[in-house]
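Chemist: Chain by chain, the residues:
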Amino acid sequence: MAISNQNKVKRSFWCLAFSFFLLLAVVSTPPVPASAGDKVRVGVVFSADVPYYRDIHRYFIKTLKEKGIYGKIDFLVQKPHPDPIAWSNALRKLYVYDASIIITYGPGTSETVKYEISDVPVFYAGLYSNDTVLENAHFAGGVEYTLPVTSLLRYLRKMDSVKRIGIFFFPPERTSVEEARKVQERCIALGLEPVMLPVHKSSEIGEKLRLFDLDGLYITGSAFMLRYFPEYASEVKRQKIRVVTSSGGLEDKAMLSLYSDPFLIGRELSGLLVGYLKNGRKGDFKIVRRNRLVFNYAISKEMGIDIPLELLTEADEVIR
Amino acid sequence: MRVLLRCLIPLCIFFFLFSIPSLRGETGKRYLLIGLIPERNIFRQIDRYRPLADYLSGRLGVKVRLTILSRYGDIIDRFSQRGMDGAFFGDLTGALAVELLKVEPVARPVSLDGRSSARGVIIVRRDSGIRKPGDLKGKVFAFVDRATVSGYLFPLYYLRKAGFNSLKEVFSEYYFTGSHDSAVFAVLDGRADAGSLKDTVLNDLIRKDKTIADELMVLAESPPMPEGTFCLRTDLPPEMRRKIRELLLGMKKDHEGMKVLQEMGLSGFTPASRNDFAPVIRIMKEIGIGLKDYDYRTTLKGR
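Residue numbers (the numbering used here), protein chains in the order written: chain A, 1 to 320; chain B, 1001 to 1303.
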């Protein structure tokens, strides 16, 4: 009996010692970074699942692979509908999944970041730059693009009988609004008649197309427009409206596209991420000033509209 | 008598045909072929020169045809091959033609503001932040063609003066637009950060669209270079050369000629000579390029 009591005391001692060491081990372990294994978890949110953002992301990944960084990152990709609530939800999911870095594509999600309370560093890409549209304090870095809207209008004006220009934009995307205002201002300077067309839901695109008698249409760099405008492309063709856009991904729907090169945006973004991962570098904001001009000759032919031949010679690409 | 006449008439016709100095005798063709370089968009260029060709045809009694080359350097390579009798040459192609093709400078067009020369200009967008040569580092540049001073050699000279020895050292990319107006649109559209061309084309575009001046600014300007020098091959009959020269120089005194000049946006033609190309030779010397061994052929795929 005495022996058994002695054993009990011994067992209790070892149990206590084990528990103490276990506790010590747990307490002394550094906090686990938000990573899968030894990989850094990077959350990516598209403002819409559209070809332009997919291209930027593709080139971003490609450059990371070239730099040998890709294998060290665990990506979580969200492609919500272009809607402020969906953007917010997508971001919050990434916070819940402990993403240690967040990347946003397009104006929608990039704007939404500002309303979230989190200290996770965010890098944005693929936004129309109008001086300082985004307050940089919210972001660890970003890649914007500049686009001379006058060039698009100048080309549009060269097409026959274009006078009244509708400007489609999505108010929750602030850069889209800024761009629309700039287009409006330039239209007036060029002697064109601008019609501001804000849309809040996709059906409004069709309604406004039917309501206004337009010669031309300017599609701003908006995730919402990129996602929903293609559904109304046949209506636009039927009404013989010349469409120009400052966004990539609509080349097969618009007669003329002048957009920032997604390859360069992706490459700059990868540079920012690598700089952050290697040296913790923050606060780099790049502006890409390299554009591509694409003419869709097939659409003009289908609509029976003559594009001056000299315009075709300027294009980087002519779709026939 | 009849027999004598039957023999004499064909004989007279034969002698008449072969005694007059004709183009047919010289080149085996019944027209004058004039070459144009693609300094502007080729469609616009042909439209611009067509009234002049018609005017000369009417006055010379010989059909004047125009041919436009797709690249600047082609006018040197194809001048003899295509049997051209004359051509409107640019600053560098003119110097090359005088040296390599031994053509004779005849006349130069004079613009409405009285200029018969053009300056090379380097242009940037006002919002680009590019203000000095060093700012061009890592940027994309749109040249016109390797066979132009204003559209290629002048920016080369400008960079050399700033301490850059090669284009690769400065630009992340550069390419050749093929025409001066395309260089303007490339910079306007943001497809290139900077570009070079001749000021006359830039001013012409600004005249038609004032908003261009709001968006672009000139970073640097070259000395005046001869513009659009009309040269003739020296084996053309001297009488024909003299007649063409007189026609061009006298156009402003002739009602019909004045009308053609107005259509072309010119005030007249002024005599041209080999010495006009001295500024071209000078700039080439400064860069260390010789006229005879200069590779003027352009690969358009610069990017």
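The set of hints was computed from the structure by calculation and includes no laboratory data.
Worth double-checking, as some hints may not be accurate.
[Stated by the list, open to error] Quick partial rundown of chain B residues pointing at chain A, CB under 10 Å, derived from the structure:
| hint | residue |
| --- | --- |
| 1 | D1127 |
| 2 | K1137 |
| 3 | K1139 |
| 4 | E1169 |
| 5 | E1173 |
| 6 | G1178 |
| 7 | A1186 |
| 8 | T1211 |
| 9 | E1215 |
| 10 | P1271 |
Since we're looking at a predicted model, the values are computed, not measured.
Positions of the beta carbon are idealized from the N, C-alpha and C atoms, including for glycine.
Chemist: Could you tell me which of the numbered hints above are not met by this structure, giving the numbers in increasing order?
Modeler: Hint check: 2, 4, 10 fail, others pass.
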